[in-house]
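All chains, please: the whole structure from these sequences, using the hints.
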Amino acid sequence: MTRFRVAVHIVPRKGILDPQGKAVADALHSLGFGQVHDVRVGRQLVLEIEGDTSQDVSASVRAMCDKLLANPVTEDYEIAGVSPA
Amino acid sequence: MRFGVVTFPGSNCDDDAYIAVTEALGAEGVRLWHKDHDLQGVDVVILPGGFSYGDYLRAGAIARFSPIMQEVIEHVRRGAPVLGICNGFQIACEAQLLPGALLRNASQMFVSEMVTVRVENAATRFTNRYTNGQQLRIPVAHGDGRFTIDDAGLQRLQDDGQVVFRYVDAGGRPTEHSNPNAAMDNIAGIVNARGNVLGMMPHPERAVDLRCGSGDGLALFESMLCAVAA
Chain A
1 MTRFRVAVHI VPRKGILDPQ GKAVADALHS LGFGQVHDVR VGRQLVLEIE GDTSQDVSAS
61 VRAMCDKLLA NPVTEDYEIA GVSPA
Chain B
1001 MRFGVVTFPG SNCDDDAYIA VTEALGAEGV RLWHKDHDLQ GVDVVILPGG FSYGDYLRAG
1061 AIARFSPIMQ EVIEHVRRGA PVLGICNGFQ IACEAQLLPG ALLRNASQMF VSEMVTVRVE
1121 NAATRFTNRY TNGQQLRIPV AHGDGRFTID DAGLQRLQDD GQVVFRYVDA GGRPTEHSNP
1181 NAAMDNIAGI VNARGNVLGM MPHPERAVDL RCGSGDGLAL FESMLCAVAA
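Chains as they are written, first to last, in the working numbering: chain A, 1 to 85; chain B, 1001 to 1230.
Treat the hints with care, as some may be off.
[Claimed, not checked] Sample of chain B residues with no beta-carbon within 12 Å of chain A, all distances over it, derived:
(1) E1028
(2) W1033
(3) S1107
(4) H1177
[Unchecked claim] Pulled a few chain A residues facing chain B out of the computed Cβ check, cut under 7 Å:
(5) P19
(6) N71
(7) V73
Since the hints were derived computationally from the structure, they do not count as laboratory data. No residue lacks a Cβ here, since even glycine has one placed at the ideal position from N, Cα and C.
Structure (structure tokens):
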């Protein structure tokens, strides 16, 4: 068993009204960053987790996201990185 | 006729709900604890408002997995009634007892005010003492009340009479201004397809006596009494 460090990004699903993201996009536009099309503000979780391989760990974290960490109605998640802790 | 009121860590309207059913309604109230697996034979379960588990992760996301909720889910499967108020509505959605989700108010502000809601379906076991189109004054107090669902889900709610309450203005119109959180279609409360779970953001337990500004919420509890007695 190895200890892995896993980062999960959870963001509001595209198409769901994200007032915070919109406010940030508006602020970026007013600062001259006109090339920004869309901003969504979410959260990042960092987990330390035991597993045999990074594939096993990713599968476990996906199960955690489906069951608890992300809301299947309104959020998308992405396992952003799995590395030895 | 026994009403069970669940207390989660962070619930803060459990006392209000208990007093509403015992003192205002005159029914029997039973305190239920989140760690228990026993509903003590209650007829109705109330999931009260508050901030269970500090709203950590998402409002209701952690409470949904507490021991008592496994019993509440079984209670719903048996067709028995559950009323989720505010945080209780959020918990019911997280537990998939109700469709959709409650997101941060579009204003990003906590809203605490008296609102007007219109009864859209008076044929439920929670609203049979109201009439369709009746306007009620009931307070809201929440930061995450923006009801959100996919298009197909919204269509089903509308087609099947599952929208029970909408935010309206004094003239009874569901306007943007009368919608305290930018909920889709001004939705303030819904029932599940089977009709035994009601989730609502406004607090009927805070509107059971004119001394608290409105008595319009009392008939909701009386409706449940009629439905269970019937």
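Here's how the hints hold up against the structure:
Taking the minimum C-beta to C-beta distance to chain A, about 35 Å, the non-interface status of E1028/B holds against the 12 Å cut. The non-interface label for W1033/B is consistent with chain A: the shortest C-beta to C-beta separation is roughly 22 Å, beyond 12 Å. Listed as a non-interface residue, S1107/B fails to keep its Cβ farther than 12 Å from every Cβ of chain A; the least gap is roughly 8 Å. Distance check on H1177/B: its Cβ is at least 16 Å (rounded) from any Cβ of chain A, clearing the 12 Å threshold; non-interface status holds.
Given the 7 Å rule on beta carbons, the hint for P19/A holds: about 5 Å separates it from the nearest Cβ of chain B. The beta carbon of N71/A is positioned within 7 Å of a beta carbon in chain B (closest approach about 5 Å), and the interface hint is therefore held. At a threshold of 7 Å, the smallest CB-CB gap from V73/A to chain B is about 4 Å, leaving the interface hint in force.
In this structure, the one hint that does not hold is number 3.
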